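S.K.: Make the full structure from the sequences, and use the hints.
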Amino acid sequence: ILIPLAIAVLADIYQKRKEKEKEFVYLDLHVILDNVFNIKLLILSVFLIFLPMFFWDILIDSYKLIIIIFTSFGIILVTLIIIKVYHWIKGNIFDFRFSYLKKVKKYDDLGIVWKSIWEVAKIDFQKEKEFCKIFFSKIDHLIGLPKNSLEITSKLLNDFYNFINKRSIILLVVPENAFPKILEWHFKVWQNKYIYIKKYL
4 ILIPLAIAVL
14 ADIYQKRKEK
24 EKEFVYLDLH
34 VILDNVFNIK
44 LLILSVFLIF
54 LPMFFWDILI
64 DSYKLIIIIF
74 TSFGIILVTL
84 IIIKVYHWIK
94 GNIFDFRFSY
104 LKKVKKYDDL
114 GIVWKSIWEV
124 AKIDFQKEKE
134 FCKIFFSKID
144 HLIGLPKNSL
154 EITSKLLNDF
164 YNFINKRSII
174 LLVVPENAFP
184 KILEWHFKVW
194 QNKYIYIKKY
204 L
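The numbering of the sequence shown is this note's numbering, which starts it at 4 and goes up by one.
Derived by calculation from the structure, the hints in this document are not laboratory data.
All figures in this text were calculated on a predicted structure; none of them were measured in a lab.
One thing to keep in mind: the hints can contain errors.
Unchecked claim - Taking CB as the label site, the calculated pair distances span:
| # | residue 1 | residue 2 | range |
| --- | --- | --- | --- |
| 1 | Leu68 | Phe101 | 23 to 31 Å |
| 2 | Tyr89 | Lys158 | 34 to 42 Å |
| 3 | Asp60 | Phe97 | 28 to 36 Å |
| 4 | Ile61 | Asp143 | 53 to 61 Å |
| 5 | Ile115 | Ile173 | 53 to 61 Å |
| 6 | Ala124 | Pro183 | 46 to 54 Å |
| 7 | Gly94 | Ser140 | 24 to 32 Å |
Here a beta-carbon is modelled for each residue, glycine too, at the ideal position from N, C-alpha and C.
M.R.: This is the structure in structure tokens:
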């Protein structure tokens, strides 16, 4: 069941990349693999469903009950994945995007997905506001981490600045939003770099 669904969804992403239609294309690729299909969870569910069946004939009845429980759990996981794919196809895409962005932690993934967002012009204001809210929170978190987060923090900020002309002017001038945050981030990144350099001089 999931194979044709996966082919259909990923084919749509591939077509967008081929046609250079860049609206969230790399973000969506990560969301689909990690948050919709959730490849790790899918592999686990396949093992839970099929692997125990190889031992069915050699086990006594009490152990067969355990196998049934594991298999049932695997079926539940697959069902949850199918429900997620259904909601994705039905168009509840931004909920998945926001959920993924709140959870993603790998530095390489962070750089790719946030650049994919800032490249897009004329995002709906409320959705852009939510993107910014998540982004601000992520930068605040990264700046508070040890020195190994300085590189990814600088990259994320540079990508944000490079496409800042595509952002809503309201988000840039409202006091609690981007402009004061930009000044704060610049100072903190400079401060962390200075402390790091001074430590090794």
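S.K.: In ascending order, which of the hints set out earlier in this document are inconsistent with the structure?
M.R.: 1, 3, 5 and 6
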